[in-house]
Amino acid sequence: MQVAPMKYANLISFTLATSLLSSIPVMAQENQFYDEQSSQTYQIGIMIQAISAALAKPKDPDSLDTISRYGTDSRYYVMIRGWLVQELLGVQSQLDASHANEAESETKLKFIDKVTFLHEAIGRIDLE
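In terms of the working numbering, the sequence shown opens at residue 14 and continues consecutively.
No lab work stands behind these hints: they were computed from the structure.
Incorrect hints may have been included.
[To be verified] Here are the simulated SDA-like cross-link-like pairs (lysine to any residue), alpha carbons at most 25 angstroms apart as the crow flies:
no.: 1; residue 1: Lys72; residue 2: Ala110
no.: 2; residue 1: Lys121; residue 2: Gly58
no.: 3; residue 1: Lys70; residue 2: Gly95
no.: 4; residue 1: Lys123; residue 2: Ala63
no.: 5; residue 1: Lys121; residue 2: Pro74
no.: 6; residue 1: Lys123; residue 2: Asp86
no.: 7; residue 1: Lys70; residue 2: Ser106
no.: 8; residue 1: Lys123; residue 2: Thr54
no.: 9; residue 1: Lys121; residue 2: Arg82
no.: 10; residue 1: Lys70; residue 2: Gly58
no.: 11; residue 1: Lys72; residue 2: Asp48
no.: 12; residue 1: Lys72; residue 2: Arg137
no.: 13; residue 1: Lys123; residue 2: Ser76
no.: 14; residue 1: Lys70; residue 2: Asp86
no.: 15; residue 1: Lys123; residue 2: Ser106
no.: 16; residue 1: Lys72; residue 2: Glu49
no.: 17; residue 1: Lys123; residue 2: Glu100
no.: 18; residue 1: Lys123; residue 2: Ala110
no.: 19; residue 1: Lys123; residue 2: Gly136
no.: 20; residue 1: Lys123; residue 2: Gln50
no.: 21; residue 1: Lys123; residue 2: Trp96
no.: 22; residue 1: Lys72; residue 2: Gln107
no.: 23; residue 1: Lys121; residue 2: Ser51
no.: 24; residue 1: Lys70; residue 2: Leu122
no.: 25; residue 1: Lys123; residue 2: Thr79
no.: 26; residue 1: Lys70; residue 2: Asp126
no.: 27; residue 1: Lys123; residue 2: Ser81
no.: 28; residue 1: Lys72; residue 2: Gln62
no.: 29; residue 1: Lys70; residue 2: Gln105
no.: 30; residue 1: Lys72; residue 2: Lys121
no.: 31; residue 1: Lys121; residue 2: Trp96
no.: 32; residue 1: Lys70; residue 2: Asp48
no.: 33; residue 1: Lys72; residue 2: Arg82
no.: 34; residue 1: Lys70; residue 2: Tyr89
For clarity, every value in this text was computed on a predicted model and none was experimentally measured.
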């Protein structure tokens, strides 16, 4: 009578082992998907940081190239163009709010330079 329970124990062990082994490829595929997703997220983060740095330095000659490089990628064009337009609206608002008697102030000149830079950046990604 001891043989029957042992037979079921082996069957259960075999079933459990088969089940676990068959799930290994699925787990590997999920990890691969996670790695690809993680890598893509990381690359987008690098892009965001590069564009943010370019926007912070409008006089740097590489800034327009950085924005152009990422902005002409059709996957990110709408996002980057929207970002540039919102940035332009904010800077234009600050420029408009600066007082008329500060016609040549350093702050106003910075706003003018940034508006010019943003117009150029938007023009570059629209043309390419």
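Agreement of Lys121 and Trp96 with the hint, judged by alpha carbon distance not exceeding 25 angstroms: holds, 22 angstroms
Distance restraint between Lys70 and Tyr89, which requires alpha-carbon spacing of 25 angstroms or less: holds, 21 angstroms
25 angstroms Cα cutoff - pair Lys123, Gln50: violated, 39 angstroms
Lys70 paired with Gly58 [C-alpha distance capped at 25 angstroms]: Holds - the C-alpha atoms of Gly58 and Lys70 are around 19 angstroms apart, at most 25 angstroms.
Given pair status - Ala110, Lys72, alpha carbons within 25 angstroms: With a Cα-Cα distance of about 23 angstroms, the restraint between Lys72 and Ala110 holds, given a limit of 25 angstroms.
Pair hint Lys123 and Gly136, alpha-carbon separation not exceeding 25 angstroms: The hint holds at about 20 angstroms.
Given hint Gln62 paired with Lys72 - CA-CA distance at most 25 angstroms: holds, 17 angstroms
Lys72 paired with Arg82 [C-alpha distance capped at 25 angstroms]: At roughly 17 angstroms apart (the allowed maximum being 25 angstroms), Arg82 and Lys72 satisfy the hint.
25 angstroms limit on alpha-carbon distance, applied to hinted pair Lys121 and Arg82: Distance of about 29 angstroms is beyond 25 angstroms: violated.
Holds or violated: Lys121 to Ser51, with C-alpha atoms at most 25 angstroms apart: violated, 42 angstroms
Given hint Asp126 paired with Lys70 - CA-CA distance at most 25 angstroms: Answer holds: Lys70 to Asp126 is near 10 angstroms, not above 25 angstroms.
Pair hint outcome, Lys70 versus Asp86 [Cα-Cα no greater than 25 angstroms]: Holds. Lys70 to Asp86 sits at ~22 angstroms (cutoff 25 angstroms).
This entry does not satisfy hints 2, 6, 8, 9, 11, 16, 20, 23, 32, going by the numbered hints stated previously.
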